[in-house]
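Note that the protein sequences, when read in sequence, are chains U and W. Using this note's numbering, you'd call the opening residue of the first sequence number 235 and step up by one each time. Using this note's numbering, you'd call the opening residue of the second sequence number 235 and step up by one each time.
Among the hints, a few may not be true.
Put simply, identical chains are the same to the list, so a pair is met inside one copy or across any two.
Unchecked claim - Listed below are the simulated SDA-like cross-link pairs for lysine to any residue, each with C-alpha atoms no more than 25 Å apart in a straight line:
no.: 1; residue 1: K378; residue 2: D321
no.: 2; residue 1: K378; residue 2: A363
no.: 3; residue 1: K554; residue 2: E325
no.: 4; residue 1: K378; residue 2: E325
no.: 5; residue 1: K378; residue 2: R354
Note that these hints are calculated values from the structure, not bench results.
There are 2 protein chains.
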Amino acid sequence: MGLVVQKYGGSSVSDAAAVKRVAQRIVDTKNAGHEVVVVVSAMGDTTDELIDLAQEVSPTPSARELDMLLTAGERISMAVLAMAISDLGHEARSFTGSQAGVITDSAHGKARIIDVTPGRIRTALDGDAIAIVAGFQGVSQDSKDVTTLGRGGSDTTAVALAAALDADVCEIYTDVDGIFTADPRIVPAARRLPRISYEETLEMAACGAKILHLRCVEYARRYGIPIHVRSSFSTLDGTWVIDQNKGSDQTDMEQPIISGVAHDRSEAKITVVGVPDKVGEAAAIFRAVAEAGVNIDMIVQNVSAADTNRTDISFTLPAKDGRAAMDALTAMQAQVGFETLRYDDGVGKVSLIGAGMRSHPGISAKFFSSLADAGVNIEMISTSEIRISVVVRADDVDTAVGAVHRAFDLDVTEVEAVVYGGTGR
Amino acid sequence: MGLVVQKYGGSSVSDAAAVKRVAQRIVDTKNAGHEVVVVVSAMGDTTDELIDLAQEVSPTPSARELDMLLTAGERISMAVLAMAISDLGHEARSFTGSQAGVITDSAHGKARIIDVTPGRIRTALDGDAIAIVAGFQGVSQDSKDVTTLGRGGSDTTAVALAAALDADVCEIYTDVDGIFTADPRIVPAARRLPRISYEETLEMAACGAKILHLRCVEYARRYGIPIHVRSSFSTLDGTWVIDQNKGSDQTDMEQPIISGVAHDRSEAKITVVGVPDKVGEAAAIFRAVAEAGVNIDMIVQNVSAADTNRTDISFTLPAKDGRAAMDALTAMQAQVGFETLRYDDGVGKVSLIGAGMRSHPGISAKFFSSLADAGVNIEMISTSEIRISVVVRADDVDTAVGAVHRAFDLDVTEVEAVVYGGTGR
């Protein structure tokens with residue numbers, strides 16, 4: 235018996251029938267003796283439809299007003315979800331981000347949570363009610379304006395509320411059974427991870443895995459909130475995202491060396507060709523890109539050719555920011571004196587993630603061998619303490635992911651396949 | 235130069251193009267040197283669509299949650315309207331009912347305004363911004379829950395804000411040119427009233443005229459707010475609803491005797507046949523109807539027949555409440571001892587309204603003669619100081635309205651017809 239925060243995304247509440255199904259699930263949790271706080275996103279495609287409406291009216295809508303508009307989406311879903319729960323005989327009360335005490339800064343469209351003061355939620359729980367909270371939104375501390383948290387916002391709302399209410403668990407409901415060792419659409423033999431550390435989850439999210447957003451996992455790690463990622467279509471256990479260094483019984487099973495293989499096709503590569511090999515040239519290039527508001531990912535600088543004293547610098551960035559970065563670099567060509575720019579959006583990134591890498595040598599060697607054996611050419615490499623990433627041709631991504639997954643014995647066994655069968659993965 | 239509150243209904247902001255047109259009109263008012271506060275309803279059919287969604291999820295949705303749901307509609311319209319105004323080069327800031335300081339009681343779905351504390355609106359105006367306020371909604375004083383004001387709510391919001399801000403005028407925009415002497419769909423020769431008193435407007439609203447809601451006019455009368463009912467499709471003057479007893483230049487033209495002819499087809503008639511003529515029987519009947527939550531309108535009790543000592547009692551009521559009233563009466567038949575009930579929804583009400591009736595004798599005689607000459611049979615009669623209403627067959631309503639309109643010389647003259655031509659009436 236404890237306090238459970240559940241988060242349901244837009245696909246879990248896409249229409250009236252789905253809302254009723256989710257309501258039943260919430261009531262089941264309540265009937266099991268828990269206090270329940272539910273965070274809900276806007277129904278189905280509502281947010282996209284509202285953005286389309288804004289675009290029809292204004293090519294560059296005011297950020298404050300766009301936030302006001304978009305928050306209508308959660309207002310609709312939370313109200314109908316509360317209605318559906320009432321029909322099942324439990325009191326449910328819906329709360330906007332502001333009413334739930336989600337206090338943010340004033341950065342409309344990408345506000346950060348400053349504080350959570352869930353007094354009204356606590357009162358509702360004390361009155362035996364189920365609290366339904368609008369995800370993705372808050373109210374700014376200074377101007378009391380409605381704000382939105384940006385991408386992954388509802389997950390962050392859920393974890394922030396779980397922390398403020400000292401919840402036992404934050405359950406994130408999705409349309410898959412949990413976090414897998416690879417994307418099951420690419421690797422049918424991918425297996426569900428019963429548990430994974432915050433650090434590995436952060437690396438997977440940063441490397442293109444779509445299940446949890448970075449901010450949400452960072453928040454959970456900071457406050458030690460266990461996240462349970464699970465399917466809204468089954469009652470099976472999903473994946474627990476937890477602190478695996480904690481001295482709890484969670485460490486009594488041997489930690490796997492490798493958690494999984496992530497991939498990302500949303501990046502592009504820019505190569506600045508023939509940069510004069512002088513102090514400060516690279517800094518000038520990356521400052522220009524940063525000033526254009528572009529976050530870069532991997533960077534490779536070749537050794538200078540002895541005869542020309544010039545070098546090439548390659549880096550990856552989100553493909554959507556490609557235009558902005560190229561414009562910024564073109565504008566400084568004369569100043570820096572580089573020869574030309576190359577833009578390549580036919581790349582993909584494949585990453586191997588595992589906390590066990592720290593203590594197991596030979597991981598890199600096996601990783602590169604598996605790619606070589608599969609005939610995949612590596613264009614760039616970057617590593618962290620618990621991750622190796624490579625940039626390859628986009629066409630090679632599927633082959634690379636499958637090869638690496640097999641090489642590290644991540645493929646599901648036949649016994650496990652029976653267990654996982656028919657869970658709607 | 236002054237403070238103008240403008241209210242636009244759902245049909246004025248039905249889509250992106252309509253929103254942009256309204257934005258231009260608002261900016262024109264601002265550019266003319268006025269401070270502008272805009273109250274807006276939900277776009278087009280949004281409210282009906284949200285009600286349908288609620289019905290899909292729950293047959294009897296919680297009143298609190300239904301209010302939370304419906305207020306999403308104005309949130310959308312006000313945000314996109316603010317965006318459209320920004321694009322025209324003026325700052326616009328949208329405010330929910332709560333942010334605008336519309337404080338209500340806790341009667342969800344039909345909340346009454348208790349207080350208006352428009353501090354944030356005043357601040358926005360002082361900062362040279364246009365304030366956009368969600369109509370139809372407020373926040374409850376006790377529980378800080380979101381409430382809605384019920385039918386006509388946005389008009390009431392506009393008048394209440396106009397009163398709190400000491401506005402010079404409250405402009406109610408609609409799809410006709412103002413208030414007419416009769417419904418132009420029935421009487422093509424109906425003429426626009428340049429001005430009308432609060433009292434007459436209240437009578438017209440109570441008698442079925444659809445332009446302004448009772449609550450809004452009552453509020454305006456109490457605080458002396460001039461209402462200007464006008465078309466959102468033209469810049470012509472509409473109808474000014476004002477206090478015609480005030481010693482201003484508004485009284486320098488002779489006040490017309492008759493303001494107009496209203497009609498209402500939404501009522502039904504119930505006749506309780508053979509009620510024993512004893513003290514307290516009528517009271518018992520009407521108490522039962524009231525306890526069923528039904529408001530009755532006109533009542534007629536016949537003189538008892540001397541041979542039976544029994545009488546018939548007829549009354550009219552909204553046809554939508556017919557079932558509830560019949561059930562309540564049937565349940566008390568044995569107790570009261572009446573003979574039978576007759577239900578008739580084939581009736582209509584025709585009313586003649588004019589403040590000048592007070593001082594001009596002979597109005598009733600002319601009214602009844604005109605109906606008799608047109609061959610219309612009168613079933614019930616009721617009068618007030620400035621109104622005469624009759625119940626006739628529903629099929630006779632058009633004939634009756636036209637005949638009365640002509641008899642009192644309300645038909646537009648040929649010269650006036652040219653003036654009104656082509657205004658999109």
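Tested hints:
no. : hint        : verdict
1   : K378 x D321 : between (34 Å within a copy, 24 Å between copies)
2   : K378 x A363 : between (27 Å within a copy, 17 Å between copies)
3   : K554 x E325 : neither (45 Å within a copy, 30 Å between copies)
4   : K378 x E325 : between (29 Å within a copy, 18 Å between copies)
5   : K378 x R354 : both (17 Å within a copy, 10 Å between copies)
In this structure, the one hint that does not hold is number 3.
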